[in-house]
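**Q** Please put together the full structure from these sequences, using the hints given.
Heads up, the sequence shown is in our numbering, so the first residue is 1 and it goes up one at a time.
Calculated directly from the structure, the hints in this document are not laboratory data.
Here the structure is a predicted model, which means the values were calculated and not measured.
Pairwise CB distance ranges (calculated): (1) Arg124 <-> Arg157: 29 to 35 Å; (2) Pro42 <-> Ala12: 26 to 32 Å; (3) Ser109 <-> Arg157: 27 to 33 Å; (4) Thr91 <-> Thr160: 38 to 44 Å; (5) Met272 <-> Ser18: 35 to 41 Å; (6) Asp218 <-> Arg144: 17 to 23 Å; (7) Asp57 <-> Glu135: 32 to 38 Å; (8) Asp116 <-> Arg332: 42 to 48 Å.
Simulated pairs of lysine-lysine, DSSO-like, Cα-Cα distance not exceeding 30 Å: (9) Lys390 <-> Lys349; (10) Lys349 <-> Lys441; (11) Lys441 <-> Lys390.
For every residue, glycine included, the Cβ atom is placed at its ideal position computed from N, Cα and C.
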Amino acid sequence: MSPAVVILAAGAGTRMQSRLAKSLHPVCGRTMLAWVLAAAKPLCERSPIVVTTPDADDLRAACGAAADTCVQPAALGTGDAVRHARALVPTDADTTLVLCGDMPLIRSSLLRRLVDRQRSGSGRGLAFASVDRAESQGFGRILRDAAGAVQEVVEERDCTPAQLEVTELNAGVYAFPTQWLFARADDLPVQANGERYLTDLVGTAVRDGLSVQAVSADPDDVWGVNDRVQLARVAHLMRQRINRGHMHRGVTLVDPDHTYIDADVRIGRDTMILPGTLLTGNTDIGEGCTIGPHTEMDHTRVGEGSEVRHSVVEGADIGRECMIGPFARIRRGTRTGSHLHMGSFGEIKNSSLGSDIHMGHFSYVGDSDVGDGVNVGAGTITCNFDGQAKHRTVIEDGVFLGSGTTLVAPVRVSRGAMTGAGSVVTRDLPAETLAYGVPAKPRRPVGGGPRRQEPDREDPPS
1 MSPAVVILAA GAGTRMQSRL AKSLHPVCGR TMLAWVLAAA KPLCERSPIV VTTPDADDLR
61 AACGAAADTC VQPAALGTGD AVRHARALVP TDADTTLVLC GDMPLIRSSL LRRLVDRQRS
121 GSGRGLAFAS VDRAESQGFG RILRDAAGAV QEVVEERDCT PAQLEVTELN AGVYAFPTQW
181 LFARADDLPV QANGERYLTD LVGTAVRDGL SVQAVSADPD DVWGVNDRVQ LARVAHLMRQ
241 RINRGHMHRG VTLVDPDHTY IDADVRIGRD TMILPGTLLT GNTDIGEGCT IGPHTEMDHT
301 RVGEGSEVRH SVVEGADIGR ECMIGPFARI RRGTRTGSHL HMGSFGEIKN SSLGSDIHMG
361 HFSYVGDSDV GDGVNVGAGT ITCNFDGQAK HRTVIEDGVF LGSGTTLVAP VRVSRGAMTG
421 AGSVVTRDLP AETLAYGVPA KPRRPVGGGP RRQEPDREDP PS
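**A** In structure tokens, the structure reads:
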């Protein structure tokens, strides 16, 4: 029987100083709530329950089909929040896990240990996560008797000076026996601030004779987030976790502390990621690539053996053994074949490029379809916008565009055509024809000889 899971996400989050619900702040490409839901998912046969505030429409929308939601009408504490989840908890769930939506580093393994410890023996126990560290982060203190048995948890605001010296902290993650939890939640005392504390159930369980176990957690797994400083800390820890995973799978990160990789990025073996690189979204990089330094990629696929240096790529599909940059920009909707060489300060947008293309520096290709074996000379641009609408340019196989060519869309340059430097192409050019001038005019058939510039390398191969 899988446990019921209740995630508390109704905190006001005032210290975040944000219009965005606290649990929706991103950490390495996912919201904090999404990380918590992902940790709970392996334990769940049924949807987790997320407790929200009445005005948290964005949070409820973010849950989608991944969780059921309920509303805590007023901010009356964690104990009150659990009471409002009761109607959604299945009656046959013997265990209810309760955790917080602002703890993105939580791991499934810790949740599983809590459930197993709660179910050990008679199954009437209570297990909760504890951590021993000097920085309390506002967590309650775990108080024990002379024999070392847990007696109660005292919230930090209610601790005496002596109790504040205790470093064993309640991390706020619990596995309760379900029927007992909801029978006792109604009996929680109302504190002076009008709230009911879930932590008070620890002392209640001791008095009821339940087995109460504090389960030690890795300190890095149970950091909560109350402000932007703490958000940055958990993001740093999550990046370390993600980066270690890639390195264990055969990826070289030259400087992991200055490499930023989101959770859903995939990287092939023997790829090298250089410092200052940011990889986000559903980016997928093949084997044997070199990415960076100081390169940004978002929702991009890169074929094996490609090199992208000092560049920005978003929403693109780059083929095998391409050489991009430095200082290139490839925008959404771009697909390239293999062996593209793209020089410094070039840009491609919403275009399809074939294989074996050389695109010189300071060039712009937008809203274009480019065939195989094309040379795009330095400074060549496609004029795709007429002030009201975008138009496409078609460049067929084997075309050679001289440096500084301007292509005024819509226009087609047919197979094997060639333009002189500085040409302005305003009309379709026939195949195997040399054209030049302003505007460019066909002059004569193209002669033999080399047609495609070989890529330059400013640096020697590594």
